[in-house]
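Chemist: Here are the chains, one letter per residue:
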Amino acid sequence: MIIAERKPFDELKSFIADKKKVLIVGCRGCVTVCNAGGTKEVGILASELRLDAAKDGRELTVDEHTLERQCDPEYIEELLELVEKNYDAILSMACSVGPQFVTARYPAEDVYPALNTCFMGGALQHGIWVERCQGCGNCIIHLFGGMCPVSRCAKSIQNGPCGGSAEGVCEISKEVDCVWHLIATKMMETGQAETTFAPVQPFKDWTTSRDGGPRKIVREDLVK
Amino acid sequence: MSREVRTKSNLEKVLASGQFAVTGELGPPRSAARDEVTEKAKHLLGNVDSVNITDNQTAVVRMCSLSAALILQETGLEANMQMVCRDRNRIAMQSDILGAAAMGINNLLVLSGDHQKFGDHPESKNVFDIDSINLIKTVKMMRDDRRLLSGQEMAEGTEPRIFIGGAFNPFADPEDYRVLRVAKKVEAGVDFLQSQCIYDMVRFKKFMSRAVDMGLHEKCYFMAGITPLKGLGMAKYMKNNVPGITVPDEMIERMKGVPKDKQVDEGMKIAAEQIEEMRTLPGIAGVHLMFIEWEHMVPRMVDEVKIGPKYRK
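Sequence order for the protein chains is A and B.
Using the working numbering, the first residue of the first sequence is number 168, and each one after it goes up by one.
Using the working numbering, the first residue of the second sequence is number 114, and each one after it goes up by one.
Keep in mind that the hints were calculated from the coordinates and are not lab data.
Take these hints with a grain of salt, some might be off.
[Stated by the list, open to error] Label pairs and their computed distance ranges (CB to CB):
hint : chain 1 : residue 1 : chain 2 : residue 2 : range
1    : A       : R382      : B       : I405      : 42 to 50 Å
2    : B       : R413      : A       : G289      : 29 to 37 Å
3    : B       : R413      : A       : P366      : 40 to 48 Å
[Unchecked claim] Once the Cα atoms are required to be at most 25 Å apart in a straight line, the calculated DSS-like pairs of lysine-lysine come out as:
hint : chain 1 : residue 1 : chain 2 : residue 2
4    : A       : K341      : B       : K352
5    : B       : K373      : B       : K349
6    : B       : K253      : A       : K174
7    : B       : K238      : A       : K341
8    : B       : K238      : A       : K353
9    : B       : K253      : A       : K371
10   : B       : K238      : A       : K371
11   : B       : K319      : B       : K332
12   : B       : K375      : B       : K419
13   : B       : K373      : B       : K318
Virtual Cβ for every residue (Gly too), placed ideally from N, Cα, C.
Start from the sequences, fold in the hints, and give me the full structure.
Modeler: Here's what the structure looks like:
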């Protein structure tokens with residue numbers, strides 16, 4: 168899923184410094200699962216903003232609404248009735264796709280991202296999320312023992328580990344596992360290090376990645 | 114031992130003749146001061162066979178390695194121009210290789226490159242389009258197949274005749290995989306390899322013995338990286354703070370055992386002993402003297418162990 172985290176409170180506060188009526192829109196997709204922008208988080212942010220405004224003696228109305236998803240026009244459409252209430256600002260608590268879809272549908276609205284969209288990954292345990300994919304568009308993790316060097320190696324190298332790998336961690340931080348250490352160890356343990364894994368990996372073709380420009384998928388069988 | 118010579122490289126000529134080669138290292142200035150390059154070069158001239166010119170090492174902005182390499186070559190020394198994968202995509206790399214060869218660069222040493230997190234622009238974007246092993250393959254293809262990665266051919270005699278270098282680190286992990294990664298570099302077409310700074314001789318010898326067993330030393334020249342310890346402080350720093358460098362406790366104890374004003378001499382003595390051992394270590398074709406910001410000590414070292422151009426017949 169897409170992992171996001173809420174922006175610092177002061178930044179969110181600065182977005183609405185001169186606003187009197189604000190709508191916070193949550194999303195029941197990925198950001199609910201990663202505890203960043205679901206109904207619960209919308210409620211927390213709304214309370215924080217209300218309390219802060221009361222403390223400063225500012226007039227502020229904050230409404231809350233959570234959509235099924237913000238990455239689908241049919242759900243964005245549901246906002247129409249609310250938008251007609253003329254908010255001074257809309258804070259979207261979805262990944263960055265959400266505020267972009269909201270703005271595209273309601274161009275007259277002042278829409279702000281309330282989250283920082285961080286990466287595609289999963290939870291190691293409750294409260295800890297890690298990156299596992301960069302969406303390069305051509306998955307080859309089966310060549311690397313089921314691990315992705317594009318997203319998990321700081322240098323995205325295809326023939327690792329580099330000289331900065333020591334004691335299983337990456338040169339950039341002792342907190343970051345060296346994925347190439349894990350890959351190489353697995354290859355040695357499974358007896359592939361000197362056989363199937365021995366050849367030099369081919370040059371990575373980045374055309375399917377972001378480097379080929381913004382991407383789009385058209386499924387003719389689904390398009391009406 | 115004598116091997117085929119494929120380039121105009123002086124370093125290749127020395128290595129192919131079976132003589133014990135000596136390379137040095139020079140870090141370009143953090144300015145446009147060409148004098149700093151020529152000043153450092155003075156200490157190396159006549160003492161080494163060629164000199165590595167680092168490419169924005171530790172991700173700190175410096176004069177580009179090609180320009181510094183050309184300034185160095187004006188002094189009569191030969192450059193091993195370094196190129197890292199951090200700052201260039203395959204378009205820029207091939208372009209710079211063509212330009213370097215056209216300007217008389219014979220040796221190119223390719224590396225992944227330190228992550229920019231360590232440097233003076235941690236907020237920058239990195240490239241890492243291809244890695245060091247694929248860069249080795251790129252240079253080999255340009256030289257031996259006379260083709261660019263696109264398939265574009267170069268007319269005979271217009272291809273870059275580059276002696277291809279790489280790095281190896283027997284002290285990084287996983288230890289057992291290190292020699293296999295070197296085998297990949299050899300398969301990719303590397304001609305010579307220089308090691309990370311060696312302090313742990315036991316681990317280094319173990320590594321070389323495996324490399325020799327695999328016959329890698331017959332396909333590529335291995336050069337041992339030597340950096341003298343300047344004192345106890347440096348020994349401890351290298352041990353604790355530099356990823357991929359191991360300093361054995363015995364060496365720390367040995368530095369501790371001498372008074373502070375004699376530690377430089379002790380560090381030089383240890384390095385001299387290492388060089389002596391390297392001269393007869395199977396598979397080792399030379400030493401790479403990484404006297405970082407300590408170039409003026411190179412003449413003393415080569416005179417002490419009697420290596421380098423002036424001690425050859």
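Chemist: So which of those numbered hints doesn't the model satisfy?
Modeler: 2, 6, 8, 13
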